[in-house]
Amino acid sequence: MKLLVCVSKTPDTTTKIAFTDGGAQLDTNGVQYIMNPYDEWYALVRALELKEAAGGTVTIINVGPAANDQVIRKGLAIGADEAVRIDADPKSALYVAKQIAAYAQKENFDMVLLGKESIDYNGSEVGAMIAELLDQPFISYASKMEISGNTATISRDIEGGTEIVELDTPFVLSASKGLAEQRIPNMRGIMMAKRKPLKVEAAVEAPDMSTTVGFELPPAKSAVKLVDPEDMNELVRLLHEEAKVI
Amino acid sequence: MVLVFAESQKGEFKKAAMEAVYYGHKTAEILGTECAALTLGPVNNAAVLGQYGANKVYNVGDDSLAQFDSQVYTAVIAAVADQIGANVVIVSHSSTGKSLQGRLAAKLDAGSVSGVNHLPTNDGSFKVKKNVFSGKAIAEYEISSDKKVLSLMGNSLKPEAVGSDATVESLAVEVPASRIKVKEVNTVEGTVPLPEAELVVSAGRGMKGPENWGIIDEMAEILNATTACSRPVADVGWRPHHEHVGQTGIAIRPNLYIAVGISGAIQHLAGVNSSKTIVVINKDPEAPFFKAADYGVVGDLFDVVPRLNEALRNFKNS
Ligand SMILES: Cc1cc2nc3c(=O)[nH]c(=O)nc-3n(C[C@H](O)[C@H](O)[C@H](O)COP(=O)(O)OP(=O)(O)OC[C@H]3O[C@@H](n4cnc5c(N)ncnc54)[C@H](O)[C@@H]3O)c2cc1C
Ligand SMILES: Nc1ncnc2c1ncn2[C@@H]1O[C@H](COP(=O)(O)O)[C@@H](O)[C@H]1O
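Protein sequences, first through last, are from chains A and B. If you read the first sequence in our numbering, its first letter stands for residue 1416, the second for the next number, and so on. If you read the second sequence in our numbering, its first letter stands for residue 27, the second for the next number, and so on.
Everything labelled a hint here was simulated from the structure, so no lab data went into it. Mixed in with the good hints, there may be bad ones.
If you anchor each label on the Cβ, the simulated ranges turn out as follows [to be verified]:
| id | chain 1 | residue 1 | chain 2 | residue 2 | range |
| --- | --- | --- | --- | --- | --- |
| 1 | B | 213 | A | 1626 | 51 to 57 Å |
| 2 | A | 1568 | B | 68 | 57 to 63 Å |
| 3 | B | 200 | A | 1606 | 23 to 29 Å |
| 4 | A | 1626 | B | 317 | 31 to 37 Å |
| 5 | A | 1480 | B | 332 | 40 to 46 Å |
| 6 | A | 1657 | B | 292 | 26 to 32 Å |
| 7 | B | 263 | A | 1568 | 21 to 27 Å |
| 8 | A | 1609 | B | 55 | 31 to 37 Å |
| 9 | B | 111 | A | 1648 | 53 to 59 Å |
| 10 | B | 58 | A | 1440 | 29 to 35 Å |
| 11 | B | 58 | A | 1523 | 42 to 48 Å |
Derived lysine-lysine pairs resembling BS3-like cross-links, with alpha carbons at most 25 Å apart [as the list claims (entries may be wrong)]:
| id | chain 1 | residue 1 | chain 2 | residue 2 |
| --- | --- | --- | --- | --- |
| 12 | B | 82 | B | 207 |
| 13 | A | 1506 | B | 36 |
| 14 | B | 153 | A | 1640 |
| 15 | A | 1640 | B | 173 |
| 16 | A | 1659 | B | 41 |
| 17 | A | 1559 | B | 41 |
| 18 | B | 302 | A | 1431 |
| 19 | B | 153 | A | 1659 |
| 20 | A | 1640 | B | 207 |
| 21 | A | 1636 | A | 1466 |
| 22 | B | 184 | B | 153 |
| 23 | A | 1521 | A | 1659 |
| 24 | A | 1640 | B | 41 |
| 25 | A | 1640 | B | 82 |
| 26 | A | 1417 | A | 1559 |
Keep in mind that this is a model prediction, so the values were computed, not measured. Even for Gly, the Cβ is constructed at its ideal location relative to N, Cα and C.
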């Protein structure tokens, strides 16, 4: 199978978020960047497992500047065969999706895999967009996938449970927890990654219709009000009269 | 015109549908236009959407739409948007809505923002806000294109009755054949799904084992709340996976989140820190969760929770 995995670069979850220029820009000072966990742990690893079981190739793609190469190399170290970077500023979800769809259109992949969302802007948009641009089915929040021939059986997370769907390739899939188990790159993988191809391609023209214009921090929480563990009537009273939530 | 897709399940509207329609109504007011709602598949009582602000309700009742396929739904919603001249399309930020929102933006070639939680402003340019960095910041977006697609985060605003029943018009739209087969839908019946729940009772590793969950279920029952859990608890199978909240689980924003025996790791907080009121019960006064809490009880949960359940029951009975 010919598989494409979309990988993005995000600040590490534990990063402290701050802004500069009065909230205009993310303060990148001291920000530790990682490969988006859903892309790395679930989408990429499941793609590698499919390739290991049935043969084929795994290509990873990123839309971003040269500074992203480090994160892309990690994907190669984990086991992807080759990488493509579309050299452009990932301005909006639709801009990114158009870049990836344009590349995928040329290559005829059997499956495009993504993470369920990027943990920075929590968009959950790019996968659905690529599917529409390629006129393919989209299965979101996949937590399990089995393949037999070119037919896939997929469990996807929905509110309060799961839905099981069956469909034939080609399609686009977004990965949530459970789809695979995280793999740590080993020394051999890291050495081999240096020799694997990382192609850089120019972006296709696409307008910028949705842009961030500013950031703010959420209002600071007032200090916790401690309630005597012996007096739960007091907690109930506070929840009813003060917080007005029960 | 603003078009809202009102999600239904087995013919009944979800709470998120009322929120989306009300948000659509308010957005239409801001833009000086009208709001139409669209329902897909067989639904009961579509007219009720008028009460939450839909000036008109459209239905495409094709039976095949009882099964969700983002590709088919997108084709139908976009066709309706074209037919009625809608340039703003709003869906819920649910598993269904999230699978549609990006598709619709691509299909309509529209600027889009997902998971908005404030009404837009329109002083010369159209701007909306959403939480980013797992609730650690709020970003404001400007959409510059004429066509816009938004998804609305659950529990972002309280829908109010602003009108009366609307007229429902059936539309004949070509429904393309689906390329997927939905084989099974396994959901728990009778409880409010987590993303829609206003009251959530959640527990973690402090519970020691699944056999101790009776006191948590009891609290949920008294409050009519939905239960949730931390990730390790779902990982070891003490609780079902769909209850797991946090960065890798689901993000929720209920009115009340009660956390029992959960330490409050940053990845857990990422999914719950937008809750309006947070109560933390933990025996460790240094547990990081207390920093994010509104009310805290430092004590052994096996003493505190039964006591709280009794107090809640007395409150409910009074
Ligand atoms: C990339 C990544 C993603 C993650 N995603 C998530 C996620 O989505 N959701 C999530 O929840 N976690 C997630 N985690 C895990 C997270 O870091 C924590 O390990 C986890 O949340 C801890 O779960 P816990 O609070 O139940 O357990 P613990 O951290 O073990 O805390 C148990 C708490 O119970 C208290 N306790 C014990 N006994 C009692 C008692 N008798 N009475 C009262 N209190 C008691 C203890 O004081 C302690 O604070 C993620 C981790 C990583 C690295
Ligand atoms: N700049 C990018 N380059 C490649 N893939 C991306 C990029 N941004 C997002 N993606 C993919 O799209 C998924 C969903 O991202 P988002 O819609 O931003 O939440 C991510 O998990 C990635 O797989």
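Hint check results:
The given range of 51 to 57 Å is broken by residue 213 of chain B and residue 1626 of chain A, whose C-beta atoms sit roughly 38 Å from each other. With their beta carbons about 27 Å apart, residue 1568 of chain A and residue 68 of chain B fall outside the hinted range of 57 to 63 Å. The hint said 23 to 29 Å for the Cβ distance between residue 200 of chain B and residue 1606 of chain A, and at roughly 55 Å that hint is violated. A hinted range of 31 to 37 Å holds for the C-beta pair residue 1626 of chain A and residue 317 of chain B, which are about 33 Å apart.
The hinted range of 40 to 46 Å is not satisfied by residue 1480 of chain A and residue 332 of chain B, whose Cβ atoms lie roughly 57 Å apart. In this structure the hint that residue 1657 of chain A and residue 292 of chain B lie 26 to 32 Å apart at CB holds, the actual value being about 27 Å. Distance hint check for residue 263 of chain B and residue 1568 of chain A: the Cβ-Cβ separation is about 22 Å, which falls inside the suggested range of 21 to 27 Å. Checked against the hint of 31 to 37 Å, the C-beta distance between residue 1609 of chain A and residue 55 of chain B comes to roughly 58 Å, which is inconsistent with it.
Checking the proposed 53 to 59 Å range against residue 111 of chain B and residue 1648 of chain A shows it holds: the Cβ atoms sit about 58 Å from each other. Against the hinted window of 29 to 35 Å, the Cβ-Cβ separation of residue 58 of chain B and residue 1440 of chain A comes to about 33 Å, which satisfies the hint. At roughly 47 Å, the beta-carbon separation of residue 58 of chain B and residue 1523 of chain A lies within the given 42 to 48 Å, and the hint holds. Restraint check for residue 82 of chain B and residue 207 of chain B: the C-alpha separation of about 32 Å exceeds 25 Å, so the hint is violated.
Distance hint between residue 1506 of chain A and residue 36 of chain B is unfulfilled; the C-alpha atoms sit about 39 Å from each other, more than 25 Å. At roughly 36 Å between alpha-carbon atoms, residue 153 of chain B and residue 1640 of chain A are farther apart than 25 Å, so this suggested pair is violated. For the suggested pair residue 1640 of chain A and residue 173 of chain B, the alpha carbons sit about 46 Å apart, so the restraint of at most 25 Å is broken. Distance restraint check for residue 1659 of chain A and residue 41 of chain B: the Cα-Cα separation of roughly 21 Å lies within the 25 Å cut-off, and the hinted pair is therefore satisfied.
Distance restraint check for residue 1559 of chain A and residue 41 of chain B: the Cα-Cα separation of roughly 28 Å exceeds the 25 Å cut-off, and the hinted pair is therefore not satisfied. Between the alpha carbons of residue 302 of chain B and residue 1431 of chain A the distance comes to roughly 22 Å, so the proposed pair stays at or under 25 Å and holds. Taking the CA atoms of residue 153 of chain B and residue 1659 of chain A, the gap is about 31 Å. The hint is violated against a cut of 25 Å. This hinted pair does not check out: residue 1640 of chain A and residue 207 of chain B have alpha carbons roughly 52 Å apart, beyond 25 Å.
Between residue 1636 of chain A and residue 1466 of chain A the CA atoms are separated by roughly 48 Å; this puts the pair beyond 25 Å, and the hint is violated. With a C-alpha separation of about 21 Å, the suggested pair residue 184 of chain B and residue 153 of chain B falls inside the 25 Å cut-off, and the hint holds. The straight-line distance between the Cα atoms of residue 1521 of chain A and residue 1659 of chain A is roughly 57 Å, outside the 25 Å bound, and the hint therefore fails. For the suggested pair residue 1640 of chain A and residue 41 of chain B, the alpha carbons sit about 32 Å apart, so the restraint of at most 25 Å is broken.
The straight-line distance between the Cα atoms of residue 1640 of chain A and residue 82 of chain B is roughly 47 Å, outside the 25 Å bound, and the hint therefore fails. For the suggested pair residue 1417 of chain A and residue 1559 of chain A, the alpha carbons sit about 19 Å apart, so the restraint of at most 25 Å is met.
Consistency with the previously given hints fails for numbers 1, 2, 3, 5, 8, 12, 13, 14, 15, 17, 19, 20, 21, 23, 24 and 25, ordered from lowest to highest.
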